[in-house]
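Respectively, the protein sequence lines represent chains P and R. Count along the first sequence from 1, then add 2; that gives the number in our numbering. Count along the second sequence from 1, then add 6; that gives the number in our numbering.
Some clues are possibly wrong.
[Said to hold, decoys possible] Derived list of chain R stretches under chain P, where covered just means 3 residues or more per stretch with a C-beta under 8 Å from a C-beta of chain P: (1) 14-21; (2) 71-77; (3) 134-141; (4) 222-231; (5) 241-252.
Calculated directly from the structure, the hints in this document are not laboratory data. From the three backbone atoms N, C-alpha and C, an ideal C-beta is built for every residue, glycine too.
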Amino acid sequence: MTPGLSAATDEIHVVIKDHQFSPSEVRVKANTQIKLILQNDDPTAEEFESFSLNRERVVRPGQSITIYLSPLKPGSYEFFGDFHPDSAKGKVIAE
Amino acid sequence: MLGTFIITWRETIEAALIVGILLTFLEKIGQSKQFRFVYWGAFGGVVGSLAFAGLSDYMSEFFRDIGQDLFEAAILFLATLVLTHMVVWMHHNAREIKGDLQKQAEQAISGNRLWALAVLAFIGVFREGVETVLFLWGLFLQEGAFESVAPPVFGGLLGIGLGVLMTWLFFKGFGHLSLKPFFKVSGIILLFMAAGMLSSGFGKLVAVGLVPPLIEPIWNTSWLLNERSFIGSLASGIFGYRSHPSLIQAVVYLLYFPVAVIWLRRQKHDLAQ
């Protein structure tokens, strides 16, 4: 989506609003290191969690965090907000 | 309501397991009057969680981006050390206590080792508590009428209550084990918990980009045990199970055991002299 800053790292931005990820589908280049910048615009905390990406991080209200993802093989990787798993769902698609 | 119930229930079981092992251990060596150390530690953990979760407004600079994860990693590494220390101490006591159980236990316990009980209870509760408080507090703040917020909050509190009750019942049943098997079983549980905490701590450092994952993932065992399942989420919370671990996480998990065994052996040798 967002062009990478360097050849080695791709940077993507995701916003949490109303307990939903936007965009909820993120496309990235396969086999590239990724910096996922997650901004929480809700007044409540959220926990970004993904089993297939092996990541779990709390982001406090109004703050943003940078999550480093390892280079991915082509495929789809689901993530969700552990505090609002019914509405906060998304996936990273590596291609 | 069901979702919040399950989340707080799971977190509470994880914390109550450590507190339960400590209380049962003290009861077994006839030191029920030392329960207060564990209660103080657990109470401190609750207060600490409330304070830490509430600090976000005042310490937002510190918590910006990686602050929270660094702090959590530090707590996990500290917990690994204290848990291992606890196992060594319990192991030593189990070996010493043979004849006059009461008297020997008092001797063993008169050293200034009791701080470990309080620290461990504190860490056990604090580790899970911060997340639970942030989660429940978030429910309170959620937009909409209070009526719509009440059921999930009630579900969350109910989950805490059931978690405590279940762990209490578990240890009531577990308490019938005699001393030696109890030390063995609880020692093994604590060692696996410690390995899981060490590995989770490294996982946090990888997520903030401070430690290279080396290879990630090195395998995928989600076909065997998925963290979405109930058993999988317990295994993940208590023993640090990950279906897609990085190489660094797997290495520190596996390396922990020989190091802990060496520590156990060395202490045994020192104490025998």
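If you look at each residue in the stretch 71-77 of chain R, do at least three have a Cβ nearer than 8 Å to any Cβ of chain P?
It holds: at least three residues are needed, and the stretch 71-77 of chain R offers 4 whose Cβ sits within less than 8 Å of chain P.
Are there at least three residues in the stretch 134-141 of chain R whose beta carbon sits under 8 Å from a beta carbon of chain P?
That given contact holds, which follows from 3 residues of the stretch 134-141 of chain R lying within Cβ reach (below 8 Å) of chain P.
Tell me if chain P covers the stretch 222-231 of chain R under the three-residue, 8 Å CB rule, please?
Answer holds; 4 residues pass the 8 Å Cβ test.
Check whether three or more residues of the stretch 241-252 of chain R sit with their beta carbon closer than 8 Å to a beta carbon of chain P.
This one holds; 5 residues, not fewer than the three required, reach chain P with a Cβ under 8 Å.
Under 8 Å between beta-carbons, do enough residues of the stretch 14-21 of chain R, three at least, approach chain P for the coverage claim to hold?
violated (count 0)
When each numbered hint is compared with the structure, a violation occurs for hint 1 only.
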